[in-house]
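So you can see what is in the structure, the chains are spelled out below.
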Amino acid sequence: MIRVQLEDFDLGLELSKLSNGNHQIGGMVSFVGLVRDMAAGDSISAMTLEHYPGMTEKQLTEIDQTANERWELNASLIIHRYGRLEPGDNIVLVACASPHRESAFDACHFLIDWLKTKAPFWKLEETRDGGHWVEAQTKDDVAMARWMK
Amino acid sequence: MIRVQLEDFDLGLELSKLSNGNHQIGGMVSFVGLVRDMAAGDSISAMTLEHYPGMTEKQLTEIDQTANERWELNASLIIHRYGRLEPGDNIVLVACASPHRESAFDACHFLIDWLKTKAPFWKLEETRDGGHWVEAQTKDDVAMARWMK
Amino acid sequence: MKLLYFAWIRVKMGTSNESVDPPSTVENVQNLIDWIVRRNSVSSETFSDLTTIRVAVNQEYVGLDHPIKPGDEVAFFPPVTGG
Amino acid sequence: MKLLYFAWIRVKMGTSNESVDPPSTVENVQNLIDWIVRRNSVSSETFSDLTTIRVAVNQEYVGLDHPIKPGDEVAFFPPVTGG
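Line by line, the protein sequences give chains P, X, Y and H.
If you count the first sequence from 1, position 61 lands on 61 in this note's numbering, and the numbers rise without skipping.
Each number in this note's numbering comes from the position in the second sequence (counting from 1) with 149 added on.
Each number in this note's numbering comes from the position in the third sequence (counting from 1) with 298 added on.
Each number in this note's numbering comes from the position in the fourth sequence (counting from 1) with 381 added on.
Hints are not guaranteed to be accurate.
What the hints assert, rightly or not - If you want a taste of the chain X side facing chain H, the calculated C-beta under 8 Å gives, among others:
hint, residue
1, Leu198
2, Tyr201
3, Gly203
4, Lys207
5, Ile261
6, Lys265
7, Trp271
8, Trp282
Said to hold, decoys possible - In silico negatives: residues of chain P with every beta carbon more than 10 Å from chain Y:
hint, residue
9, Met1
10, Leu13
11, Ile44
12, Lys118
If you are wondering where the hints come from, they were derived from the structure by calculation, not from laboratory data.
Just so you know, even glycine gets a beta-carbon here, dropped at the ideal spot from N, CA and C.
Model the full structure from these sequences, guided by the hints.
Okay, here's the thing in structure tokens:
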């Protein structure tokens, strides 16, 4: 399941809904991305996440489907926020439940790596000297490339 | 931090205490292991986790320290339960917070892989034909070997 | 045809979207960009380095040789930085 | 010296722990096992296949050649299956 939303999410509640008393689940892996105070040396007061409504949902749904085709999952979840976020705020939650821990780890890792290079979000950081658009990082492409086969 | 306990844990609460408003955290990865209904074909009604009080805490502390030496972590947590558990119950929680997602993923994965081969716990499964001790799996040794260097 | 701009492309273009009606000789994304940049200096500056720009047609990533037709939604944006 | 047994080893031995006072010729883990199994058939059956048994001295994993001394806590258990 995927969700794109302005408001924060309740991690405990979301993970509890994901496992949902399913006794086939052996392991559940989650990743939460948070706004860091320091990115590339500047002190960040806040950031604004812009996205492409419509395409975002489409891309996240495709990524989620791909993960469910590649791994044996009982359930999966992607929640991505947009709008203005401050240091310490949640940005994204990715979680996968599987009968086996390796599948849960790999699928969760895959989802965040792919999301980072495919989901149409852009970060505008507010710094002391104004705002600047975060540049895409080569290491994210490298991270995604691992999952190509 | 490590904890060995009879009672259940509140995943949302534990993860919230782990991130604890630390603005240096960029990513937090968690793994939860749950009792599956089906292991190796038999229908499990429950299992009992026996452990070695004292050595368990010592081993978990060592594993946790090793992870903190190998990766840049803001915080890490291992909670392992013992006693009688039923399908769907939580067994173990491992969580790592780091400035970078790769470190959080690797450290969390490392912790559960090492714990599986080093922490002195033994599972006694109750099945229709009585109880049997779960046998250690070669694949767990293989999973741990990945982290040797 | 609807054009969408995001992030610094939106800022440089001074708008998040516009409706255009390019001539029928504009058959693919490359043709469309060539047609856009000929309109004014803001457009030509924005699209001066295509390596920094990604394109989606009808919300799917495409290459410069992807065909376009009236009614398409064509979006231009920098490499994504979410997550 | 305190001996601890866990899981099926505890069940087979019929106890979770015992205090023993082996002779001074028992200098390492292998000597201790040899001394234990000579005591009775239950012990010799339990320790018949050492590949299925792990040993910890004072709560640290050790090999069969690890030295032991009075006051040590020596634990025998199968490969672990937690997590």
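Structure-based check of all given hints:
1. Leu198: Holds, about 7 Å.
2. Tyr201: holds (6 Å)
3. Gly203: holds (6 Å)
4. Lys207: holds (5 Å)
5. Ile261: Cβ of X/Ile261 sits 6 Å from chain H, so the hint holds.
6. Lys265: holds (4 Å)
7. Trp271: The hint holds - X/Trp271 has a Cβ within 8 Å of chain H, the shortest such distance being about 4 Å.
8. Trp282: Cβ of X/Trp282 sits 5 Å from chain H, so the hint holds.
9. Met1: holds (17 Å)
10. Leu13: holds (21 Å)
11. Ile44: holds (14 Å)
12. Lys118: For P/Lys118, whose nearest Cβ neighbour in chain Y is about 7 Å away, the distance does not exceed 10 Å, so it is violated.
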